[in-house]
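Visitor: Please construct the entire structure, taking both the sequences and the accompanying hints into account.
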Amino acid sequence: MIPWIGQPLPRFEDPPLLTGEGRFVADLTGDASFLRFVRSPVAHGRIVSIEAHEGITAFTGADLREVRPIRPLLHRPDFHPIEQPVLASGKVRFVGEAVAVVVAGTPEEAEDAAEQVFVDIEPEDRVISAPDALRPGAPAVHDHLEGNVVVDARFETERVDEVFAGAAAVVEFDLRSRRQNALPLEARGSVASYDPRSGRTTLTASVQSPHVVRTVLADLLGMPESDLRVVVPDVGGAFGQKFCLAPEDVVTAWVARRLRTTVSWVEDRRENLMSSFHSRDHHYRVRGAFDADARLLAVDADLLCNIGAYSCYPVTCGVEPLMALAEFPGPYDFGAYRVRSRGVTTNTCPMAPYRGVSRPVITLAMERLMDLAAVRFGIEPAEIRRRNLVSEFPYTSATGLVYDEGSYVESLDRAVEVIGLEDFRERQLSARSEGRYLGVGFSVFSERTGYGTSAFAARSMDVTPGYETVDLAMDPSGNVEARLGASPHGQGLETTLAQLIGDELGVAPARVRIVHGDTDRTPYGWGTFASRSLVIAGGAARLASGRLAAKLAGIAAAELEAAPEDIVIRAGRATVAGTDAGIEVAELARLAYHSSHRLAAGMDPGLTATATYDPDGTFSNACHAAMVEVDPETGGVRVDRFVVVEDAGRLINPMIVDGQLHGGVTQGIAGALYEEIRYDEEGNILTTSLMDFLPPTLAEVPTFEVHHLETISEATITGAKGLGEGGTIGAPAAVINAVADALRPFGVEITEMPATPSRLRRLVSESERIPA
Amino acid sequence: MAPGYYTPALMKPAPFDYHQARSVSEAVAHLGEYGYEAKVLAGGQSLVPAMNFRLARPAVLVDINPLDELDYLDEDGDTLRIGAMVRHVTFEQPVTKGPTGRLLAMAAHHVGHLPIRIRGTFGGSLAHADPAAEWCVIALLLDAELSTRSLSGGRDIPAAGFFQTVFTTALEPEELLVEARLPKLSQHTRVGFQQFSRRAGDFALTMAAVALESDDGRVGNARIALGGVSDRPLRAPEAEQALEGQVATEESFRAAAEIAALEIDAIGDIHGSADYRRDLVRALTRRALEQAIAA
Ligand SMILES: Cc1cc2nc3c(=O)[nH]c(=O)nc-3n(C[C@H](O)[C@H](O)[C@H](O)COP(=O)(O)OP(=O)(O)OC[C@H]3O[C@@H](n4cnc5c(N)ncnc54)[C@H](O)[C@@H]3O)c2cc1C
Numbered sequence: 003m004i005p006w007i008g009q010p011l012p013r014f015e016d017p018p019l020l021t022g023e024g025r026f027v028a029d030l031t032g033d034a035s036f037l038r039f040v041r042s043p044v045a046h047g048r049i050v051s052i053e054a055h056e057g058i059t060a061f062t063g064a065d066l067r068e069v070r071p072i073r074p075l076l077h078r079p080d081f082h083p084i085e086q087p088v089l090a091s092g093k094v095r096f097v098g099e100a101v102a103v104v105v106a107g108t109p110e111e112a113e114d115a116a117e118q119v120f121v122d123i124e125p126e127d128r129v130i131s132a133p134d135a136l137r138p139g140a141p142a143v144h145d146h147l148e149g150n151v152v153v154d155a156r157f158e159t160e161r162v163d164e165v166f167a168g169a170a171a172v173v174e175f176d177l178r179s180r181r182q183n184a185l186p187l188e189a190r191g192s193v194a195s196y197d198p199r200s201g202r203t204t205l206t207a208s209v210q211s212p213h214v215v216r217t218v219l220a221d222l223l224g225m226p227e228s229d230l231r232v233v234v235p236d237v238g239g240a241f242g243q244k245f246c247l248a249p250e251d252v253v254t255a256w257v258a259r260r261l262r263t264t265v266s267w268v269e270d271r272r273e274n275l276m277s278s279f280h281s282r283d284h285h286y287r288v289r290g291a292f293d294a295d296a297r298l299l300a301v302d303a304d305l306l307c308n309i310g311a312y313s314c315y316p317v318t319c320g321v322e323p324l325m326a327l328a329e330f331p332g333p334y335d336f337g338a339y340r341v342r343s344r345g346v347t348t349n350t351c352p353m354a355p356y357r358g359v360s361r362p363v364i365t366l367a368m369e370r371l372m373d374l375a376a377v378r379f380g381i382e383p384a385e386i387r388r389r390n391l392v393s394e395f396p397y398t399s400a401t402g403l404v405y406d407e408g409s410y411v412e413s414l415d416r417a418v419e420v421i422g423l424e425d426f427r428e429r430q431l432s433a434r435s436e437g438r439y440l441g442v443g444f445s446v447f448s449e450r451t452g453y454g455t456s457a458f459a460a461r462s463m464d465v466t467p468g469y470e471t472v473d474l475a476m477d478p479s480g481n482v483e484a485r486l487g488a489s490p491h492g493q494g495l496e497t498t499l500a501q502l503i504g505d506e507l508g509v510a511p512a513r514v515r516i517v518h519g520d521t522d523r524t525p526y527g528w529g530t531f532a533s534r535s536l537v538i539a540g541g542a543a544r545l546a547s548g549r550l551a552a553k554l555a556g557i558a559a560a561e562l563e564a565a566p567e568d569i570v571i572r573a574g575r576a577t578v579a580g581t582d583a584g585i586e587v588a589e590l591a592r593l594a595y596h597s598s599h600r601l602a603a604g605m606d607p608g609l610t611a612t613a614t615y616d617p618d619g620t621f622s623n624a625c626h627a628a629m630v631e632v633d634p635e636t637g638g639v640r641v642d643r644f645v646v647v648e649d650a651g652r653l654i655n656p657m658i659v660d661g662q663l664h665g666g667v668t669q670g671i672a673g674a675l676y677e678e679i680r681y682d683e684e685g686n687i688l689t690t691s692l693m694d695f696l697p698p699t700l701a702e703v704p705t706f707e708v709h710h711l712e713t714i715s716e717a718t719i720t721g722a723k724g725l726g727e728g729g730t731i732g733a734p735a736a737v738i739n740a741v742a743d744a745l746r747p748f749g750v751e752i753t754e755m756p757a758t759p760s761r762l763r764r765l766v767s768e769s770e771r772i773p774a
Numbered sequence: 243m244a245p246g247y248y249t250p251a252l253m254k255p256a257p258f259d260y261h262q263a264r265s266v267s268e269a270v271a272h273l274g275e276y277g278y279e280a281k282v283l284a285g286g287q288s289l290v291p292a293m294n295f296r297l298a299r300p301a302v303l304v305d306i307n308p309l310d311e312l313d314y315l316d317e318d319g320d321t322l323r324i325g326a327m328v329r330h331v332t333f334e335q336p337v338t339k340g341p342t343g344r345l346l347a348m349a350a351h352h353v354g355h356l357p358i359r360i361r362g363t364f365g366g367s368l369a370h371a372d373p374a375a376e377w378c379v380i381a382l383l384l385d386a387e388l389s390t391r392s393l394s395g396g397r398d399i400p401a402a403g404f405f406q407t408v409f410t411t412a413l414e415p416e417e418l419l420v421e422a423r424l425p426k427l428s429q430h431t432r433v434g435f436q437q438f439s440r441r442a443g444d445f446a447l448t449m450a451a452v453a454l455e456s457d458d459g460r461v462g463n464a465r466i467a468l469g470g471v472s473d474r475p476l477r478a479p480e481a482e483q484a485l486e487g488q489v490a491t492e493e494s495f496r497a498a499a500e501i502a503a504l505e506i507d508a509i510g511d512i513h514g515s516a517d518y519r520r521d522l523v524r525a526l527t528r529r530a531l532e533q534a535i536a537a
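Going line by line, the protein sequences match chains A and B.
Residues 3 to 774 (the working numbering) make up the first sequence, in order.
Residues 243 to 537 (the working numbering) make up the second sequence, in order.
Hints in this document: simulated from the structure, not taken from any laboratory.
Positions of the beta carbon are idealized from the N, C-alpha and C atoms, including for glycine.
A hint or two may mislead.
Said to hold, decoys possible - Heads up, incomplete: computed chain A residues facing chain B, CB under 8 Å, no partners named: (1) E110; (2) E113; (3) R272; (4) E635; (5) T636; (6) G638; (7) R680; (8) L696; (9) P698; (10) T699; (11) A701; (12) E702; (13) S760; (14) R763; (15) S767.
Guide: As structure tokens, then:
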């Protein structure tokens, strides 16, 4: 199976996970004591007193005074930093905020003990929604921040008003995306262990970026990084929720050091739904100007993101509004753009980026704009997209982003063909005459992936992520170990990197071991998020293995008395091109360590190589098409068919790509139709169980049809582009557009997701009251 | 597990004492002793989640799972007798010939997911009295009679008086529900069952169960029961009345469904307002009637 790249190799990760051999934080508590957090029942208030029943070991913010507050930072004038103490001190700012922690022998005793801690909080006026937080006189969530605006960014090209004034048609609408929780199957948790012999503390945690966690822990606890080790075992899903720092992890490490012991915190589902990070509570007002041929000329957008009570570390709460601002234009070619994008703090659970970050919502906005304009001009949604999609590369967007080669129009055309649009329109018409409402929806989008330091630096981040380093070693037996700072947790990177490295070094992927998730064993890196790991860690792996292959070739050349450039390494052998002369790679490995006297002068013994890769980024693209049936009497939606035409450049492992899309699209359908975190007016959270927060199950999602295009661009050295978030980015717009298409006879506008049955039914019944 | 034995390391709920009953009289004795402090543990599919959330905090659990004497189905002339411990899954195949067995089977498939149906019990569902529970709606539709046992003897309670409000029934804390008696529908009765839920296996937002006769094309003995719309399962007497003697047509069904939607006292929750519930009653009642007539 050479080359290994492109093969649908079964994932090396799966056998242990599927046979119960996975090891997650909760499997690794050993003889730890257990923590349980006491959480605020009040959305906003002043802590009057906290008292623990006698005999209970409890700590409060006052005990942790020496721990620095979390202070995520952007260096830009339109950003106002806010601080978060790891345990509330003085004030509470959302229901579920940790105000104290208890320690007990078992999780159950800890839960009992937590009930014996009495917290007296004097409630203050609270503010729950972003628009309310902007009202004059709204309560200030953070005393020093009047107006509650943490980030207020603007961008404007020339001539926006002029273009709108001269437009043939202006399409204008409001859009709202409700609040979600990324809902990893395994909630958050960690085990912290203090070793009195070395004085070191090991935090075994379910996180996405062990090195960043180590750095910030050291900063907040005021200790050298070398006294800390962060280990990431198997992670049962993260989706961004475990990328930003959990204050609870800091407390867990602090308690272990304070008590000089091992302690563990394992979050339950209720805590996860209430107190871990939420995501994507956005309100938009969008206007688009079109010429007489339905060509989009300008966009004017006002974007409001509810960031919750605190800013998340390291990306800050600027991540949603600033990404929305920069990437709003998506795959459409227009020049005039004005946008204001604000992040607003409220008395709700803090937000963190969730798979797709703001792009599921901005994609929904652009795709609604296209569909609404298509209706206005009386043309097919596919046709208006064709007229407006980017088709020449490299393309520079209104905000200055450079898109490498993609297949925006081709992916749309392919999707139209696969679903059989013309036949569908006929079926749709005849179904309507029987009182059944079918709809089709498209979503075309660009997915910025694999971006390095330059892209993050453009956001002026105090902590600027970007590069990845891979340390590679071939041992004397010819097996390879690759150590990474990236931290895969379900993406299949142990398999795809082994495929990349295997091709380069002429060894089977099964002989390549990927080591990650341990700060003692891996080079500094940024972890796994933002659809970056295959591109960036993969690029570094490719570079490092190139270097190692060159060394192998050098050794082989000396042994075979040939020129290094004539050596070909393939299928475990180094041969002289065009001859039968050759030597086993394993033999070269042995030689490099055990007969170093035979190496050419100046060559070091051993076989190691290191490389760092830090690309500017690349754009994947895709078209999603959803077919739905809506029951206007109940508001129920059934997704009948879902087609994805994806272009992520070179596919290293197509099966893994499909898996990423299946999971991603499912989460997109979740956002479009099902999942919603709800608060009441007082800021009480109403959705703290899976009876009320509703992820779709297998019964609610169709079989996915995935098709691939492979546009190879120069933007990455492997030719691969990222695609981890695409499913989630594209699916909501496809589904919502399909629902809107189905309900078109009722003349209703869908301005909100999730489009729940009760909301859809309300739209239909209100329109029924309007006489035809 | 021995009576009274409790392993703290295995329990997420607040601490409690545990008694395993070996007979109905022993269960009743425990309930008599502990009264309000005690809860019966049947299939545990509602009680255990509530305890894990610490919403329910019984000091004492009386486990009736060993009571085979409550796990029976009997046909007594025109009555189907169901022991309290019969599991939901039993009803997936008709347990009796004719419309009663068919209706029970239609509803059974909607009760949660298979693992829940394997543990959960008919009696537990009635005693728990979730307004959207299938068995509560069916019991009301069929005018079931429910029998209890307690230290002072026992009572028979008609379904119409049994369900009081959310999670609240006429059962006294010291009473054990032992049997439900369902008067069987006549062989030529037609039945329909429709529900709408957010996801497969979820509690219904609303459900409609109907039974009617229409031998000569005219409706007789129409019954409509609704779940998930109010604080308890409801009959729709005005709609039932309106159907009496009507020709079974789309219009008469539509009219009856409209009456049902208006006569009920609907309440809303985070999944849908009272108005939305009425809309569902309108649609599902009509569809259940059409389904019944089509069968
Ligand atoms: C995910 C999920 C989905 C579900 N979906 C549905 C659904 O769609 N429809 C539905 O109807 N149900 C549903 N259920 C609930 C399920 O049907 C339960 O089995 C049922 O509500 C209670 O029956 P049980 O035997 O499990 O009772 P338990 O949980 O053991 O007890 C419930 C209550 O009844 C009391 N009780 C039980 N038996 C007796 C008795 N003989 N005498 C006096 N008191 C008694 C208990 O003390 C307790 O208060 C769902 C449950 C889950 C977890």
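Visitor: Indicate, hint by hint, whether the structure satisfies it.
Guide: Going down the list of hints, with the structure as the test:
no., hint, result
1, E110, "5 Å, holds"
2, E113, "7 Å, holds"
3, R272, "7 Å, holds"
4, E635, "4 Å, holds"
5, T636, "5 Å, holds"
6, G638, "6 Å, holds"
7, R680, "6 Å, holds"
8, L696, "5 Å, holds"
9, P698, "7 Å, holds"
10, T699, "6 Å, holds"
11, A701, "4 Å, holds"
12, E702, "6 Å, holds"
13, S760, "4 Å, holds"
14, R763, "6 Å, holds"
15, S767, "6 Å, holds"
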